[in-house]
Structures are given as C-alpha cells and as structure tokens.
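2 protein chains.
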Amino acid sequence: MGFFFTYPHCQVCDWREPEDLAALLDLELRENGESQHQLLKRVQDVAKYSVKTNHPRFFNQLFAGVDYHALAGRFLTEALNTSQYTYEVAPVFVLMEEEVLSKLRSLVGWTHGDGIFCPGGTVSNMYAMNLARFRAFPEVKVKGQWALPRLAVFASQEVCHYSVMKAAAFQGIGTENVFKVNVDDRGCMNPEDLCEKIELAKSQGAVPFFVHATSGTTVKGAFDPLESIADICERLGLWMHVDVTDSVTWNPHKMMLTGLQCSAILLKDTTDLLKHCHCADATYLFQQDKFYDKSLDTGDKSIQCGRKVDCLKLWLMWKAVGSKGLEGRVDRAFAHVRYLVEEMKRREGFQLIWEPEFVNVCFWFIPPSLRGDENSPDYQDRLSKVAPTIKERMMKQGTMMVGYQPHGGRVNFFRMIVISPQVSHEDMTFFLDEIERLGKDL
Amino acid sequence: MGFFFTYPHCQVCDWREPEDLAALLDLELRENGESQHQLLKRVQDVAKYSVKTNHPRFFNQLFAGVDYHALAGRFLTEALNTSQYTYEVAPVFVLMEEEVLSKLRSLVGWTHGDGIFCPGGTVSNMYAMNLARFRAFPEVKVKGQWALPRLAVFASQEVCHYSVMKAAAFQGIGTENVFKVNVDDRGCMNPEDLCEKIELAKSQGAVPFFVHATSGTTVKGAFDPLESIADICERLGLWMHVDVTDSVTWNPHKMMLTGLQCSAILLKDTTDLLKHCHCADATYLFQQDKFYDKSLDTGDKSIQCGRKVDCLKLWLMWKAVGSKGLEGRVDRAFAHVRYLVEEMKRREGFQLIWEPEFVNVCFWFIPPSLRGDENSPDYQDRLSKVAPTIKERMMKQGTMMVGYQPHGGRVNFFRMIVISPQVSHEDMTFFLDEIERLGKDL
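Which chain is which? The protein sequence lines are Z and G, in order.
This note's numbering applies: residue 1 is where the first sequence begins, and numbers increase by one.
This note's numbering applies: residue 1 is where the second sequence begins, and numbers increase by one.
Accuracy of the hints is not assured; some may be wrong.
Which copy is meant is left open, so a pair is good if it fits within one copy or across any two.
Unchecked claim - The list that follows gives simulated cross-link-like pairs (lysine to aspartate or glutamate, EDC-like), each with its CA atoms no further than 20 Å apart:
1) K396 - D20
2) K324 - E99
3) K275 - D293
4) K440 - E374
5) K202 - E192
6) K396 - D297
7) K294 - E426
8) K294 - E99
9) K385 - D441
10) K202 - E176
Please keep in mind that the hints were generated in silico from the structure rather than gathered at the bench.
This is chain Z alone, in the form it adopts within the complex (with noise of 0.2 Å):
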C-alpha cells in the first residue's frame, strides 16, 4: 500500500500523453494468462499512473481525501461479496443499511421514513423524480406517461445542467419540461421567479409536480433557499426533493469521504411508496413462504436487482469517529476555506468571484501581466485562457489538481474545493503559491 501515500514525495498525477500511456500500461487483453512477476508490475504501473484523489493536493472534484476506516469497511464489502436484496443473503447489511438510512434521516430532522443506497447521485435524484411522478399519478407505472398530462419540473439555473437533465431525458420527461428557475447572485434559487415559472408551466398546459433545490450547488457551492421553497411546494402540493418536505439525496462519497460509491435517497414518505413504485415481485428472490420475515427483503424497493453493498464503508467509518469526529471534520474543512479566502484577499492577483458560502472556493488568478488592464478589450479573451494553461502545467508536472470552468457568462475560474480533513494550512499556502509559480509569466 505504500505507494499509494508516500506524500509529499508522490505526485498528484504522472500525467502521460493517452497513446503513450496506452503503450506503457499494455492493456491488450490475450489468450493466455500472465505471471505473478508481470502482474505484480501491472497492478503497480496501475497505480502510479493513476490520479491520486486522496492526496492532501487533489481539489480537483467533489470527493477527496480518504479515511481509512471507511477503506476498511471497502475492502470487507469487496471481500464478502454480497447482493443488497434479500436478508436471506445480506442478513447484516439489510439491517445496517436501515440503521444507517435512520441515522441520515434523523439528522435530516426526520423521526420516520424511508430511503434506500443508490449508485451514485444522479441515480439518487432519478428516485425522487420517479417517485414524485407515481405520487401524482400512479397510473404511470402501469399505462406509461401517455396517460398522464404534460409535467413540469422544476430546478434552478445552477443545477439544471446535469443531473436533473438527465434524469428527465432517461424518465421520458423530456429536457424542455424542465423550467429553469432564476438564481440571485450567490447562486440560490429565487422563489418569486419559481412561482412565475410555475404559472408559466401551468399557462402551456403542464402540471407542476416536482421541484428539485439544492444544498451546496457543483460550481458555486449554494444553498437554494429550502424554506421559502418548502412553502410554495406545500401549498401547491409538489413534490419537493433536498428538502424538508418530500426527499433528500444525500452523498456520504463527497465532503462524507467514504469513497466512492456511496449515495443515499432519504424519503420521509411512511406509506411504503418506494416499494409500490418498483416492486416487480420476482417469486425467485422474494418467496412468500419465506421461514422469516420478508419485509426484511428490501431489494424490490430498488430499481436494480443485484445492488451493491454501500452501507458498511459509512457505518464503519460512523463507529470509528462518531458524529462528533464527523462534525469536526466538516468545521475543518470550513476554517480551512476561511483561512484560504484571507489569504486569497492579501495576496495580488487573486480575486474571489464570490464569498463562499460552503467549501467551494472560485477565484481568478490574474497573472501579472494582466492585472491594472481590465478594461483592455481583449481583456476577457486573455483571462480565459489563464486557467487551462496553469491547469495544463500543474498537471504535467503533477503538483496538485485543481477544477476549472466558464459559468454563466463568466470566463474560466478556478474552483478549490477543501473537504478533505488531512489538509493542512500548508496546504493551503503551497496551493496559492504554486498557482503563482505556474501562472506568474503569463
């Protein structure tokens, strides 16, 4: 496992060109079987050329770091090898993944509901549409949407571009039924414009069923505004997803760190709804005439079949450090964005887009040559290819990894994402002084 950890020595990446790593790794895959020697050196070239996502440099996605209770609790699942349908072949996980659910829904301030481990977040959010759509109309699992009228969902211009896309594309709801919503500077959902654009459904013909908001958005790291929407969702009678109201999609893979994956649909739903949804009552896993207790064969609840064992990483991990341990991660990552943003704002050439409101940190670096010129006109022009060139060098030379993106009409920006609790205030200095040192002759 050493190879794996060895920071600082390790680099964050040893980035190869595709057709030259390619070659190195020689991936062909043959007729006969390899030696030990020969696999030995595969599973290292494996790891050396892979990115390390749990370097104390890696600020590169939504997951980082690693916590090695919750890699235990990995490797055990990997071990074990199990299906999440039935206690009859899960007997440990079927009843920790309730107690789990549980504890994610008491936090949520739940004290009943439902929930299930999904692959992944789309996935997760793809169960709360879906079952926001049977709600209103549980025909739709049998006759299909023909005989529903046109749906309205709902979701803010900040995450109307993936996930919820999607869902409604691969759903059959289409993308044009998805009304974007207008956000405020920070980013938040605006709930005035929701109810506009509530009315502005209704006026086309379609039926408002489902609004998607959002705690902590990918790019700027907002919080929709879950109370006032919450109101609207209630009065209007809509399903309301991330919320105090209908579901909540939680990823204990992000700031959570159990690797992934690790993704949870949290319902507060009593009346059995996920199993009315997609039980399919297969008699080869679900026999009725089962020597114990067949509610504990949660497994039609899903839209899988075989699933995946995700719960154990996240219980382990629970039971190493305890909610507190979990608490005081999360503060870290917050004093670490804190102190990164003053240091940000002592130094030239950083300039924050906005104050983060969570652990997203998007900035520009403006490289000497640039600054005092914002009104050049070529200004924008040049500024937007500072980011991919310093991302270029960084990743060349494998001294860290950091995202870049354009957003609504702003040129590419930096965006540092802290969640990993093995960072340091260091860590932090080195970063701002390797974006200098990368971006200083540009």
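Starting from the structure of chain Z, add chain G where the hints point.
This is chain G only, laid out in the frame that chain Z set:
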C-alpha cells in the same frame, strides 16, 4: 483474511433471527467514536454473520465463488477511489474500460461499436431500452414521451417479471406496454408468437420498438432463439437487445466471477448514439478547452455523473488467466452440471424439471413419504412445502445455500446454480447427500 475462507470448517451462513442479529451487531451510530479494539471486533462480527458467497457450497444466486485476481483489482479500485468520467481524473481507467469493452464486443462478434459499464444488469437493460427509444424517436430526449405514440416492448414471459418491468416503469413506458411473448417447454421465446404479439400491439395503436431477448434466463437458464428473433427485428426495424443486432448486456459479476458490481452494456452502434442520447454537457467536467483530446472524457455517455470504476477487476483477472483460462472455467461449470444431472438421475427422489440448457439445475426433491403418491389430491400442496422446509434447515445449520421458487404453475422447486471454478465433484455429491439428509423425514 483467514476467517473468510476456512472451508470446509467454515459454515456458509451463521443464521440468526433478525432481532438477535441486530442485538449482536450493536448497529447504533453514536456521538463518540470507538476504540480500535472494538472496531476490530465489529469487523469480525460483520464477516462472521455475513453469508459466505464464495464458499464452495453457496449455490443460491447467479453469483458465487471468488477470483483472487479480480479481488485484488477490487481492492486496488477502492484504494485509488476515482470516478470514471474524465481522462483527467481516471486516465488509466478510461483507456482500460475501452479495451475491456472492445474485447467483450469482439467475443459477441462485433468489430466496431460502443458501450459502457453500468451499476448492474438492470441498469444496463435500461440503457438499451432508452437508446432504442431515442433511436426510433430522437425528440423524446427534449420533448418527453408526450411527443411519441404509445410504444410497445416485447420480452418472453420468462423474463417479464423483473428488469424489463422495472425499466418500463422507471422510463415512463409503463408495464402494460411490455407484451409477454410465449415460450416453449424449455423456456425459450417462440418467434411465431413474437410476430403475433407485434401485430397485437399494432392493432392496439402501439408502436413496437424494442425486443428484449435473453441468453440464460434467471430461473430456467433458457436461451431465446436469437437468429429467428434477429430476422424479425431486422425486417420490422426493431431494436434487438442481447443479440447480434443492436445491444447486449453482459454481467461479468455473474459467471465470470469479478464480484459485484460489473455489468457492461455493449452496442453495435458507431454513430455515437450513447453520447447523443445521454449527454448533458456539464462545463465543469467536460471543458472544451482541455489540453488533451476531449473525446477521452467518456463520462457524458453515462446517465450518471460520478461512476464507480468497474473495469479494473475484470481486466486484471483477464490478464491473469487469459481468455483460455476464462473459457476453461465455463467448460468446468458445464462439466459439473453434467455430473450433477447424471448423479440425480441415479438417485431416488430427485426429479429434474427440465434438462438444463445452462448452469441452472432445476429439480424437485421428493421425500420418501411422497414417493409414489403423485396422484393423491394433496400431493402438489405437500410437495410445495418441501423446498422451503429444507431451505430453512440448511440455513439454520449453515451447511449450504440453494434457492427455490414456484414457476409457471409448478410448485416450489430448487434451482441449483453451478458457477464457481473452486467447486469439485465432491461438492456436488455433498449437495445431493445433504438434500437427502435434510429432507428424509418430510
């Protein structure tokens, strides 16, 4: 690791009633963390009370056994913890996934095509149905299903119970629009009835677009007649799934022993349908001004955003044993099935339900008290209680695990699945002896 594999001393399962197990495991998550000593005890308990799915006497599911190279690949995947969406964060796995998919396609008989790893076979099947719908009616992505005529899906009555129904429900197509095609005695789709059901759907105003064929059904292990079905689909312009025409779901986590989850959807398509159908163009992941070939960022082919790496375990195992090694394992499983069937025919009380086409051996055990009593009025009722009782006894003693179910008018029968290459003739003999021992007094 020793406690996982101390066969034959280790039981297949250590059965506990749910309330006893919950008490033993102390599942509650608390404010404070626990000591390393307590955590080690918990890890041991999780392993002790979990079903040993890689025990040579676990015949209960369509997965069993373990391949240690695949297991090493799974541990490595967990340690490297990255998401399979861009070359930037998963350079090795982007290239590796393409190689593995290409190899699987070549075994299907395709020199070109596309594909992606999905979280399980049901999701792979959903991809196929969604792609077929999109190919037939590209406007569905934007406008939703209201822009489309009522659609019709076809699947044999053998597979209509689960993943096809879940897909039809989840994707807004509706379960009543899945037309059930009759099967022959062996459980194989009847091509003439397929034509009749297509006409029936048309006469109801529905538009046929998707035929779901199966190679190795869940209960019987039946193979649909792919060539006849392909002819019909080609003539009528329907998407055929699982075959030589359009798409195949291949689950290496079953007979190829990679461990859950490992499922690929393979496509013959070369028009980038997967991308067109699923893309949502998130600029924060798929920046257009990257310094490398952005076609390597394959994440937008997926309906997910973050996606677990599922190719490494398969690749490493394949490198280790070669195509020949994998072929040999399949041959060995079939040899075990033949041996088992011959032994059953030699023994009194074992009644095969049909000659196995695959690795599923379906049979009734007729206890001594029932033999020769076939014509008594309560025979079927008494026979239906045999399998559940034997199953309860074997689980409470933990000696082995095998599934049972009623099926198509036949009362509960055992379904023995022979997959693992670690299984021996002795295990087959033990299996039969044990069924006799557990059922001799019934």
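Hint check results:
1. Taking the shortest alpha-carbon separations for K396 and D20, only the intra-copy value of 14 Å comes in at or below 20 Å, while the best inter-copy value is 56 Å.
2. With identical chains, the CA atoms of K324 and E99 are at most 20 Å apart within one copy only, with a shortest distance of 18 Å there and 45 Å across copies.
3. When the C-alpha separation of K275 and D293 is checked against a cutoff of 20 Å, the pair qualifies only within one copy, where the shortest distance is 16 Å, while the shortest distance between copies is 44 Å.
4. In this homomeric assembly, K440 and E374 come within 20 Å of each other (Cα to Cα) only inside a single copy, at 17 Å, whereas the closest approach across copies is 90 Å.
5. Within a single copy, K202 and E192 get their C-alpha atoms as close as 16 Å, which meets the 20 Å cut-off; across copies the closest is 47 Å, which misses it.
6. Within a single copy, K396 and D297 get their C-alpha atoms only as close as 50 Å, which misses the 20 Å cut-off; across copies the closest is 18 Å, which meets it.
7. Neither within a single protomer nor between protomers do K294 and E426 lie at most 20 Å apart by alpha-carbon distance, with minima of 54 Å and 33 Å respectively.
8. Taking the shortest alpha-carbon separations for K294 and E99, only the intra-copy value of 18 Å comes in at or below 20 Å, while the best inter-copy value is 42 Å.
9. Proximity of K385 and D441 under a CA criterion of 20 Å is satisfied intra-copy only: 13 Å inside one chain copy versus 81 Å between copies.
10. With identical chains, the CA atoms of K202 and E176 are at most 20 Å apart within one copy only, with a shortest distance of 14 Å there and 29 Å across copies.
Checked against the numbered hints given earlier, the structure breaks only hint 7 and satisfies all the rest.
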